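Trainee: Chains as they are written, first to last, in the working numbering: chain L, -8 to 591; chain S, 6 to 356.
Since the hints were derived computationally from the structure, they do not count as laboratory data.
These numbers were taken from a predicted model, which means no experiment stands behind them.
Where is the CB? At the ideal position from N, CA and C, for every residue including glycine.
Incorrect hints may appear among the rest.
SDA-like, lysine to any residue: derived pairs with alpha carbons at most 25 Å apart [what the hints assert, rightly or not]:
no., chain 1, residue 1, chain 2, residue 2
1, L, 296, L, 431
2, S, 152, L, 296
3, S, 230, L, 486
4, L, 5, S, 17
5, L, 196, L, 174
6, L, 424, L, 296
7, S, 241, L, 431
8, L, 100, L, 565
9, S, 304, L, 372
10, S, 11, L, 497
11, L, 261, L, 293
12, S, 11, L, 431
13, L, 229, L, 264
14, S, 11, L, 296
Pair by pair, the computed Cβ-Cβ distance ranges are [unchecked claim]:
no., chain 1, residue 1, chain 2, residue 2, range
15, L, 167, S, 15, 33 to 43 Å
16, S, 329, L, 513, 26 to 36 Å
17, S, 19, L, 458, 42 to 52 Å
18, S, 35, L, 577, 37 to 47 Å
19, L, 317, S, 15, 28 to 38 Å
20, S, 19, L, 132, 36 to 46 Å
21, S, 334, L, 513, 20 to 30 Å
22, L, 86, S, 15, 55 to 65 Å
23, L, 513, S, 275, 53 to 63 Å
24, L, 470, S, 35, 39 to 49 Å
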Amino acid sequence: MKPTDTRNPDYFHKVVDCQWACPAHTPVPAYIRLIAQGQYGDAYLLNRESNVFPGILGRVCDRPCEPACRRTRVEEEPVAICRLKRVAADHRGEIEDKLPKKPEKTNGKRIALIGAGPASFTVANDLAPLGYECTIFEKLDAPGGLMRSNIPAFRLPEQVLSEELGYILDMGVELKLGTPVESMKALLDEGWAAIFVGTGAPKGKNLDLQGRYDTDNIHIGIDWLESVAFEHTKKIGKQVLIIGVGNTAMDCCRTSLRLGADTVKVMARKPREFFKASVWELEDAEEENIEIVVNHSPKAFVLEKGKLVGMLFETMEYELDAKGRIETQRVTGEVTIPCDDVILAIGQENAFPWIEADAGIEFDKWQIPMIDETTFQSTIPGVFFGGDAAFGPKNIIWAVEHGHQAAISIHKHCQGKMLTGRLPDELEMVATKMGMFEWRYSNSYDNSDRRQMEHVELVKRFEKLDVEVELGFSAEQIATEVERCLNCDIQTVFDAPLCEECDACIDICPVECLSIAPTAETEGELRNSLSVSEVEDGQALYVSDGLPLTGRVMIKDENVCLHCGLCAERCPTAAWDMQEGVIHIHHAEDQDTTSGRTGP
Amino acid sequence: MTSFVKPHIRRKNEPVNELGLVRADYDGAMSTLCAGCGHDSVTASMARAFFELSIKPHRAVKVSGIGCSSKTTAYFLREAHGNNTVHGRMPSVATGAVAANSALTYIGVSGDGDSLSIGLGQFVHAMRRNVNMLYVLENNGVYGLTKGQFSASADLGSLAKRGAPNEMPPIDPVSLALSVGATFVARGFSGDREQLVPLIKAGLKHKGFGLIDVISPCVSFNDHKGSTKSYAHTYKYYHKAVHADYVAPSKDIKVCYDEGEIMPVEMHDGGVIRLRKLEKGFDPRDRAAAMSALANAQKEDEILTGLLHIDETHPDMHALNKMEDRPLNEIPYAELNPGGAKLHELQKGFR
């Protein structure tokens, strides 16, 4: 078997589970270390390089990083990564002078960005400092896209949103509010250097059951949330049913409580393990006494004298197979649940009524535009899509990453370069050893449990629609939570020629992730010969060159390593070392520089 | 931080033994030996052997003398009994302890200085008595704690760190043990845990005195070119003669046999040691054959390792002296101390 090639940036990147799982590849352990050192402003700026909206995402990110967190290999709860991001944002202080600047003069290339959501703002963030003249068109009267219209203010305060959008507008980006783009063909004729479509997935799915159109008390979730956000809707009935159990449903039910509803039930067709909502959003809703009713499939709306009085459901029963998938389902009965209003939160779709069929943009049979997954270019050169508009509903952090990639493409397109000639990721290894038992990171394992976010007490939070529920971490909570991070980006690096096979590293390792063994043909064979061979998706065995004394190989199971550095501390010859693996992920601004980084 | 500790981390799906304990439950205090010391590997192998045998830590006794090796009893089995005794006097203390309570599992850890110089007399007589204990001799050829003088096990011509040659012949603990009738004689290497862990398990289960001479390099004072106890030298001249696996009585023993290749030795507890020959014409049950194999290996500069001799038939100290099997602390006081009249009667018999 060949020794592991750690020069490929992806190898060490994968070991940093959180960073690898983040669509924008935020360097999580690096910013947590900055927080630990009290450098909140620097932590904020490091975040911003990749995810652009640390204050927003520190509150409402979908957090793909947290389920991936290495901490869950030894404990139930991951590091509160998202909450620590908010810590960096809350305490960042004066950072405005360190943000990318409005250029002294522009390059004369005009970019049209359709829809003022996270995708368009990310494109503007990456391109405006390079001299591009970016104009964002928005049909509503305030920017932010779904971050403003769909995420309630009690989760994301207006001020946080406006500040972070403001940073980008201050780079010389023009924002045209109340200006819907009504024709792609007309836009194409206006001579823009490039067009970016970031209009989201604005069409909430309907539920076409009996009685649907006979009352005004049935609402489409995302439209209703938007109407609340812009203060067109200020109240709702006493009994409210939410259909669907995704994150939009959670926002709908909690908003209903704040508009005067007494009892709010979230109606789920399937059992709890099939819920689409994030666990923490479910918990936050249940904390507010929302009842989540499982195994109820909507059948009809019940009206009396033209007034909505209830909804008819079929009660369901499911049999699951060994893998937890539904094998069979059957209807066990029917039940009517009384209500004054129903909110439908069963998904959303892309919709491009303003793109003419003959505009030249091709759509697939599901009416999804055909977009290149690397360049985000549509079938018209110079027209790009990103965010939910590109591949359907995802989340904010995906929209940000789409924005970064589209910005690279737009930059290349405007220079007449190949869109695919993108700068690859690079890896820089930085020493961390400071002396005997001293490393540039806190390597001792802290067995503290995850800190719990304090919430505003129930009575107070319903007083106004925009009372932010989460209070943020206290100083003590910050100090403990940062120590829970295992610093997975501080990589274990092995130099085979120095090893004299004393086994000291194997003995000291608290999770027994090291072995010395004869080499084998395949990784599978090697795993079989190891005492510890737990397999985690995507985590490899780190296999060394042949060792000088016996020709055997050093093997490290990347799955269970906790990066405590004891192997390097114990090694008499410094064959093991702990080095920070900095993954350089390039954005539009880096594309013109030839790579000056050196590999490991 | 100024020092470090090995944290106790419970992994998910971590293997447990028959007692429900994990391997780390058999760890001890943090080692203060030099990084890379062979003794730390031996410690880890001992902890693993106790874990795999599912021995309750509090039913084990660790005894040692003085030296780097003798410090290691602190580094495993934190819940076991322990006695760090006077230099070279561990065998006496162990003998007394075994006499008082033979129901516990005894492991003595010593070094080449403790056993072959100051404690040579004690060491030899414990073997002659066949005290029921495992004696692990961590052998590195130098006095590490006093900065690297040659010990009695240093080979002729071996060079000290500053270049001075050793001009006295060595005492080989394995040859010595064979010559005084030891009933379980093995040699291992700290760098080969696949061999060492099964040897320790077999030694712990042997009824009688078990000696394992473990080549355990001193990284600070005897790991240089010209040393015959360095990692490099040991890996180069290392020769496995026989491999021993202990199979507990509960396991199905019979299916494992492959006569000719595997030699089974039945143990007192009903278990079996399976000896796997790695060399033709060598039978560890034959003391003379072991001695001759050892002499041949020495001639070839080879370090012969494995379970080199085993004799399960010879009675141990308890049997030889017809001693009480019950631990003294389980015998009622009246029986232990029958009173002055009985003593008088006993003394009369000697007059």
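Trainee: Checking against the hints above, which ones are violated?
Mentor: 1, 2, 6, 7, 8, 9, 13, 14, 15, 16, 20, 21, 22, 23 and 24
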